[in-house]
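The lines below spell out each chain.
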Amino acid sequence: MTDNELIWRIAGGSGDGIDSTSQNFAKALMWSGLNVFTHRHYPSRIRGGHTYVEVRAKDEPVQSRGDGYNFLLALGDSFARNPQEEAYYGKEELKPLYENFDDLREGGVLLYDEGLLDDEDVDEIGLEEAAEENNWHVVPMDLRGIAKEHGREIMRNTAGIGATAAILDISTDEFEKLIKQNMSGDMQEANLNVLHDAYEAASELDVDHDIEVPEGSHDEEQVILSGSNAISYGAIDEGCRFISGYPMTPWTDVFTIMSQHLPEFGGISEQVEDEIAAAALALGASHAGVKAMSGSSGGGFALMSEPLGLAEMTETPIVLVEAMRAGPSTGMPTKPEQADLEHVLYTSQGDSARVVFAPANIRECYTQTRSAFRIAYEYQIPAIVIYDQKIQGELRNLPASHFDEEPNADPGSVLTEEEIQDAAHHSSGKFQRFLHEPEDGSNVSPRSVPGQKDGRFLATGNEHNPSGHISEDPENRVAQMNRRLNKLDDIRADLDENTSHQTYHGPDEADYGILVWGSQQGTVFEAVDRLNENGHSVKALGVSDMAPYPKEEVSEWLESVDEALVVEMNATAQFRGLTQKELGKYGDKMSSLLKYNGNPFEPAEIVDGFESSIDGEELAASNMKYLPAAGD
Amino acid sequence: MSAFSAINEEREIERDEFTPGIEPQATWCPGCGDFGVLKALKQAMPEVGKNPDEVALFTGIGCSGKLNSYFNSYGFHTIHGRSLPVARAAKLANPNLEVIAAGGDGDGYGIGGNHTIHTARENHDMTYIVFNNEIFGLTKGQTSPTSPKGHKSKTQPHGSAKSPIRPLSQQLNAGATYIARTAAVNPNQAKEIIAEAIEHDGFAHIDFLTQCPTWNKDAKHYVPYTDVQQSDEFDFDVSDRAEAAEMMRKTEERLYEGEVLTGRMYVDDSRPSYGEEKRQIGEMPEEPLAERYFDEDAEWERTYDNLLEHHK
Ligand SMILES: Cc1ncc(C[n+]2csc(CCOP(=O)(O)OP(=O)(O)O)c2C)c(N)n1
Ligand code: SF4
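One line per chain: the protein sequences are A and B, in this order.
Number 632 marks the last residue of the first sequence (this note's numbering); no jumps.
Number 944 marks the last residue of the second sequence (this note's numbering); no jumps.
Bear in mind the hints are in silico, worked out from the structure with no lab data behind them.
Watch out, some of these pointers could steer you wrong.
To be verified - Derived CB-CB ranges, DEER-like:
hint : chain 1 : residue 1 : chain 2 : residue 2 : range
1    : B       : 919       : A       : 507       : 54 to 62 Å
2    : A       : 489       : B       : 770       : 34 to 42 Å
3    : A       : 180       : B       : 901       : 52 to 60 Å
4    : A       : 247       : B       : 885       : 33 to 41 Å
5    : B       : 845       : A       : 478       : 32 to 40 Å
Even glycine gets a Cβ: it sits at the ideal position worked out from N, Cα and C.
Next up, chain B with everything else stripped away, as it sits in the complex:
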């Protein structure tokens, strides 16, 4: 038996395998967009043929961070904003794991903004889902980095003077190789995008519009939206950087004008993932590092035989 026999196990995967059964019921509010992410994620799993034991899900803190309480895989609920660096290393340690990270807009664009940029820049082979509800949910409705300018909250009673962050454009500039926006109100598109993102060999960033009926009553995400791939109006090439940038600009501008444009925004299949690049320059072992600790025949070199010569 291999040390990690769950990985690449060949069998039919059922959606229900990702439901934790008698584990605790979701504490999300009725009507919360987070249910939409959970559902889409579970539906995507049979499509990509992943079984729960080979999936490692890393979340931050916030309502969104509860995702892995309701998703039956290996899970790591980390700290506010830090899911990505934890996830990155797990992927490097065992590249055969299916690594998914998730968190809120405060988590990924605020406190963890630095990690979000750098993970995209390095193009780690993983999927990152940001639950974008334009608000801090768990701490009860403060302004978040994606809240619109002028948005009033308890901590910004006069309305925010800040323009919202533009996560899609930011991630394009940072170096993500798959970027999409989807919304909880369209489970089919969401499922397809998550499945594509998982299969993408590189950093896939999904800005997932979720509604927070409790704290963000005027969010626009309930309104019908346009799938940019299905609309003739937006005939553009997702693999063309300039066209993608233009599409993202439109998407990000119009969101705050009340029109929700979603879909794949950029797909670059040509750039090797970070792990691959590292392997090519000789900084990553061929075999997954984690396997070695379970391999009884592995040889563990000692510094005495290698490095001490230099000090003699």
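Excised from the complex, chain A in its bound form:
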């Protein structure tokens, strides 16, 4: 069988430079005209421990990791623990080579650094037999030795790239260009030498294999970036100039990117004492008139629950980012899961109202972060962007033009001083910040910011009257509550009219549907294509608006299919529960395919899951769970 796609996996120890090498490899392939997508796997350890990154390259757009991989570059774990710990951890040095053997496709290539992994150990893992069985092409090379010849063994990454290029018959031009771009002086020269030497050495080996690296060409200039990049850039373009945070994986990525760039854009970044403070600072900055953002991951977001409620009650706009990882509690810090949906939707006391968007890919990370800011500031409501560890770190190329959008610095419904003079004031002179019925008939009562003349008001987390004073008057309570909650209907109408965040995939008419949210969307879409090729009749809907929920769109779509499978990365079917709650029916139409072992779905798993669900057969794979329809 010939693979007409490349799924190249580089594996090593955490801290071995696996990440940067894979980024360069992906960029070089993008330069050569291919579309690329990376999938990253790393342990919750700083140095050492099996880590890998896959780069999938095709001539058509790639929106998912593939099934397994067909080329492994195993560098060994140079930070492996000391031998005494082997009994407990296994021989870590070797893990990059033999972990996930199962996923290496038949006929695949396995290139490993024999300079780092000694032969006896390699024998021990039964490589020879496995290779024979699977028709793998095993290529041991002294990558470390080649690197050492030119100075430092750390350059064995570059040697690995050179050897990969020779074996796959890819030109080294783009790699050279990258080295020249990223390095200078002796380092540049040494790396170029290592690249060439490894290329030469591997060419002589004449490895014969079935991988055909596709050729591609882009008709537009491309950029390659991660979900965290895209969220950060969306925020900056939408006028966000204040960020406050506290590190927690995987949210740290957005926080870091924003902190690095905000000062260049005239903004302010604050690392503070904890997440309560982080959210509170964002509120303070917004209260003072600045577009502000904060965020965290599960545990840190839990601490933000109270300031989040305060933002709702005081109608202070903020944007929070929630980067999910596997829970409960600190869970699995570096593994993705989609299990914080209910946490984000329902945390904080009272009948609370917030907006929640769940971008499904890097493209949407940018556009929906922009939507989140626009909605938050226009409607004076907190907006949350929820995504997960998978999108956070994966890289994908997009046309650069996707980001060629005008900036929007409009702070929304803030009045100028002139407008404040004409606005309603209390007879004490206080500005009527929280009118029951704003003049324009909307549910948004315009605001002033401290320092503006005659705009004084009190913001309070207690229920309050139009001028902001604490009030337990029953009529006032109902009027304020209704106005705050009614904003959600206005926002739904606004989104329906201006920016549909939902994505349809597959044929218009189909018997079956797959419903998906967030990071699993691309994988589901790929699976749907395969299912249709296999003779099934399936379409998919990717939902990104978690609140306010797109009831009409989803109802119509569910009406159009006989049955729907809801795919998500958690154990309790949270999104399916939300859908059923919001729509008030279809409980008998929706079943679930769930995965929560720390690894995202692969397309083939969804194909299997779907086929066994419609056949009513038990799932063969033990790493997934099927939850049948539950009735209304």
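With chain A fixed as given, assemble chain B with the ligands onto it according to the hints.
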């Protein structure tokens, strides 16, 4: 017209401008020390020449948190213990605002203790007034972090086994650059201290002794007290850290022995405020950030022109 014309408006300020007129009457109990803080704060405003529109007051939750219902400025009544982080960001967003934060001893030394330490450490240019009545007032008289050891309350019926927190010493160690203790029973000193604190360029911490006649009948704050600056016995240099530390130790010890010593405890005019430090290292814009959103000529850069190059 500037976007924030109220800031630095040149005119005589009247004390009454800070009284909200026909707004709701105070719900504090008769004889509550909180009235003293309100009065001193209002009296300080004309002295520092601040007008109500340029003052942003941030409070926590508790009886003390009601302060901004009775004080006519921009106000933000936040959540229990969190006034400081909200206030800090407002100051960073618009350094021209006069930022004041206030809360109870439970608020600032208990639930918000972490923020209190970190705000002092960063030396934000703001004034923080802690209403120290040695009790939780609003939730009806439970033990607070400043209640004396052995203090009996409904939640500690056998008497608290904990020693009280030492807020002055704590804030000195944390990095506050102006630290004072005053009391509701001396409005003149209180007013002067608040005015000084507002004018101080850095984090000014005022531990303000307030009585709670409803729940803390044996608090010592009604007794006559000594102003340490006026008493020859306490001749010390407020700008000397070691001497200040010693003075604070005495103050904090004697309070629980029934002798109330108040006054300025530490003043450091040499350390730049946090905003200034941030500006110097290039992490704060020269002009107030909030102004930009109202400036029609402001240029808003896009990531497309700046950051995308790196990803090409
Ligand atoms: C998170 C949270 N916990 C508890 C409370 C209840 N609560 C309200 S005020 C208060 C104590 C206030 O005491 P203090 O700060 O000393 O202020 P005082 O009322 O004495 O002025 C408490 C515990 C709350 N509002 N929020
Ligand atoms: S309970 Fe105490 S602190 Fe609260 S208002 Fe009454 S006297 Fe003042």
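Outcome of the hint check:
The hinted window of 54 to 62 Å between residue 919 (chain B) and residue 507 (chain A) holds, with their beta carbons roughly 56 Å apart. Under the hint 34 to 42 Å, the C-beta atoms of residue 489 (chain A) and residue 770 (chain B), about 36 Å apart, fit the expected range. For residue 180 (chain A) paired with residue 901 (chain B), a C-beta distance near 54 Å keeps the hint of 52 to 60 Å intact. Range check, residue 247 (chain A) to residue 885 (chain B): Cβ separation about 40 Å, and the 33 to 41 Å hint holds.
The hint said 32 to 40 Å for the Cβ distance between residue 845 (chain B) and residue 478 (chain A), and at roughly 37 Å that hint holds.
Hint compliance for this structure: every hint is met.
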